Structures are given as C-alpha cells and as structure tokens.
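Residue numbers (the working numbering), protein chains in the order written: chain A, 90 to 273; chain B, 90 to 273.
Each hint should be verified, as a subset may be incorrect.
Because identical chains share one entry, a pair is satisfied inside a single copy or across any pair of copies.
What the hints assert, rightly or not - Below 30 Å or equal to it, Euclidean Cα-Cα: the simulated DSS-like pairs (lysine-lysine) are:
1. K110 - K179
2. K197 - K160
3. K171 - K110
4. K110 - K273
5. K144 - K273
6. K197 - K273
7. K197 - K110
8. K171 - K160
9. K273 - K218
10. K273 - K171
No lab work stands behind these hints, which were simulated from the structure alone. Note that the coordinates shown come from a computational prediction; the quantities given were computed from them, not determined experimentally.
So you can see what is in the structure, the chains are spelled out below.
There are 2 protein chains.
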Amino acid sequence: MNRPHHVFIATSLDGYIADAKGGVGFLDTFPMPENNDMGYYAFMDRVDALLMGRKSFETVLGFGVAWPYTKPVFVWSQTLSKIPMELSEKAFLVRGNLLEVEEQIRSKGFEHLYLDGGQVIQSFLQADKVASMTITTIPVLLGGGIRLFGSMVNPTAFRCVRSTAYENGMAQQVFERAIDIQPK
Amino acid sequence: MNRPHHVFIATSLDGYIADAKGGVGFLDTFPMPENNDMGYYAFMDRVDALLMGRKSFETVLGFGVAWPYTKPVFVWSQTLSKIPMELSEKAFLVRGNLLEVEEQIRSKGFEHLYLDGGQVIQSFLQADKVASMTITTIPVLLGGGIRLFGSMVNPTAFRCVRSTAYENGMAQQVFERAIDIQPK
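One chain only, chain A, in its complex shape (with noise of 0.2 Å):
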C-alpha cells in the first residue's frame, strides 16, 4: 500500500475544523506564537502539492487575504465548474473518484499531497492513503461544528512521534500511520 500524502490541520480540542455556522474564527483565539510558525513553512517543503474539497478552497478565497500557497492547489469538486481567473496558473479542478484523483495529479508529476479539508482528509484516510497527520490543537470547546474526523469502516493505527505545547496555550501532536499495529 502506497501511503505518499501528509495532513497538517487545527482542530478545537473537541475536534471541530469549523464551527456550527462553518466559521473558522476560533482558529484566531490564541495569539500565534513569535517567531515560530509551528513547523508550516517545514511541512509545506515536503508536499509537492496540496487537495483540499470545495469548501475549504471556498473558505480560503473568503479569507479575503492574497493567495496564500506556493504550491499548486487541486480542488476536488463534483460541483465547481471553474476557477476564478486570478488562480488559473495556480489553482486546478479535479474531478472523479479517489483514485482518479490521485492519478491525474500524479500524472502532472505531483507525488506528494498536502490534504486539507473535513472530507478530503476522511476519505484518504478511510483509503488509508495517509502518511502522516500534524494536528494542531486550540484548545477551546466549540460544541458543536464540523468535525475533522467522521465515520470510517476500518479502524487505523497512528503512532503519535512527537507532541508539543506551545507558550501560547496551543499544542500541537504529529502522527505517523503505525503500519505494524492493529487497533483492538
């Protein structure tokens, strides 16, 4: 089984990725801390390329701020027709199955994903697609929202290889898939 593709995501510490209005304020609870940039820019020097689903592409472009990846974005949309036209060397619509997915990126020479988003990252999990998953927690209970991880049919084993409190009251946990274990 090839496992090439990485998650780096924060959740609440209830596991919420957004709350119950799909908002992502919560995210800005905790001042970041200084001069530490809580390993993205080392993250993202590992990923040939990042996959996230409609709504966090849509989530992003709300943001209102300049388009913030350097690497290529692939969309996995059934319902998105386009790509605004300002992104169009930088953003690309993917349409299909997983593993049609997967291939048309890995045809254009991408190897490496950068998996964003609730959906994206379940369903590469569930295909047990993942490598390795860096998550972010701030540490507040949002009761309610939508959640990072969801129903899946087989259980999977993730060994955590390093774990992190910051200065500012956030944290963050790095797991790896343990291929060897077999949850019980």
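Put chain B on the given structure of chain A with help from the hints.
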C-alpha cells in the same frame, strides 16, 4: 466561579472514549510504557475522591480485576439502586442534579473530584467547574463510538500546559482552564 475538579481520561485519536459497542479494548492497542504510569499516581494524589457515572462504574466492575481505587468513588446515577456489597465502604451512590451531587460530596469532606465518564465530564464542563483535563491519546481511528465531548451551549477555552509523546506511540496533553481567554 469555583472550579475544583479535574479530568484524567484516554480517548482515541478521533475523540472516542468507547467504541460503538461500549467497549474499551482500544485502550490496550499499544503496550504501556515501561516504568511510567503516565502521570496517573501524581494525578490521583491531587484529588480527594472520584465521581463517575453508572456506565463507567459498570465498565470498571466488568474488568474483573481487584477494585483499583484507593480513594472514595461516588457513582452518580438516577437508576442504579445499590452498590455491590463488597464495595460498600469504597463506592457510594449519589443522586440529584450537579450542584446537589457536588454539595453532598463536599459535605463529606471531599472537595477536589476526579471526574470520569463522558456524561459526568460533559456536565461539569457545561457548568464550567473543571480546572484541568489530562487527556491521553490512543492514536487509533475507531470511526465511531461514545464521544468524550458532546454538545455545549457555552464555548470555553483551555490552555495546553504540557504535551508529551511517549515511546510506545501514545501521547498526552494537559489542559488548564484559560479563564482570561474567550473563544472566538
């Protein structure tokens, strides 16, 4: 606001404290680290008594091992009619709402409680009476089960004060209530 209580619990990576059948076999997925109690005894030293729900109580009884607690255990249940005779000096039924239960236990001289079980923990979080939570992550994705955190009306903020990756692949984070921070 008085927040004298503490949580010490293990969850799966996707936030479950029991699987879809109520089982906790996943807790044994990883061999325990050698000569390391993961903070359990130091934690127990800081509390006066335990408060758990009926399900947690029955889960402990179901383990078929010697009674594991050296401090009084209060079982918060509206349906359980009695405690097994052999535990009559170690475990005690309490009834009523949260404030009544807390007052009954306090009147016996126990101030700082180790809160155990999803419903008990959620009730005390909702009442904002939890000072700290030590959450051990068993890094498996169960895909379904009984969640540690439930719906909450009032979002609350914590702060991660310690984050540890153990050699065996498990992880632990300690959170303290951040009363000066408001979730966004």
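Against the structure, the hints come out as follows:
{"no.": "1", "hint": "K110 - K179", "verdict": "within (28 Å within a copy, 46 Å between copies)"}
{"no.": "2", "hint": "K197 - K160", "verdict": "within (13 Å within a copy, 63 Å between copies)"}
{"no.": "3", "hint": "K171 - K110", "verdict": "within (25 Å within a copy, 45 Å between copies)"}
{"no.": "4", "hint": "K110 - K273", "verdict": "between (35 Å within a copy, 13 Å between copies)"}
{"no.": "5", "hint": "K144 - K273", "verdict": "between (34 Å within a copy, 20 Å between copies)"}
{"no.": "6", "hint": "K197 - K273", "verdict": "neither (39 Å within a copy, 40 Å between copies)"}
{"no.": "7", "hint": "K197 - K110", "verdict": "neither (36 Å within a copy, 45 Å between copies)"}
{"no.": "8", "hint": "K171 - K160", "verdict": "within (19 Å within a copy, 63 Å between copies)"}
{"no.": "9", "hint": "K273 - K218", "verdict": "within (21 Å within a copy, 33 Å between copies)"}
{"no.": "10", "hint": "K273 - K171", "verdict": "neither (45 Å within a copy, 32 Å between copies)"}
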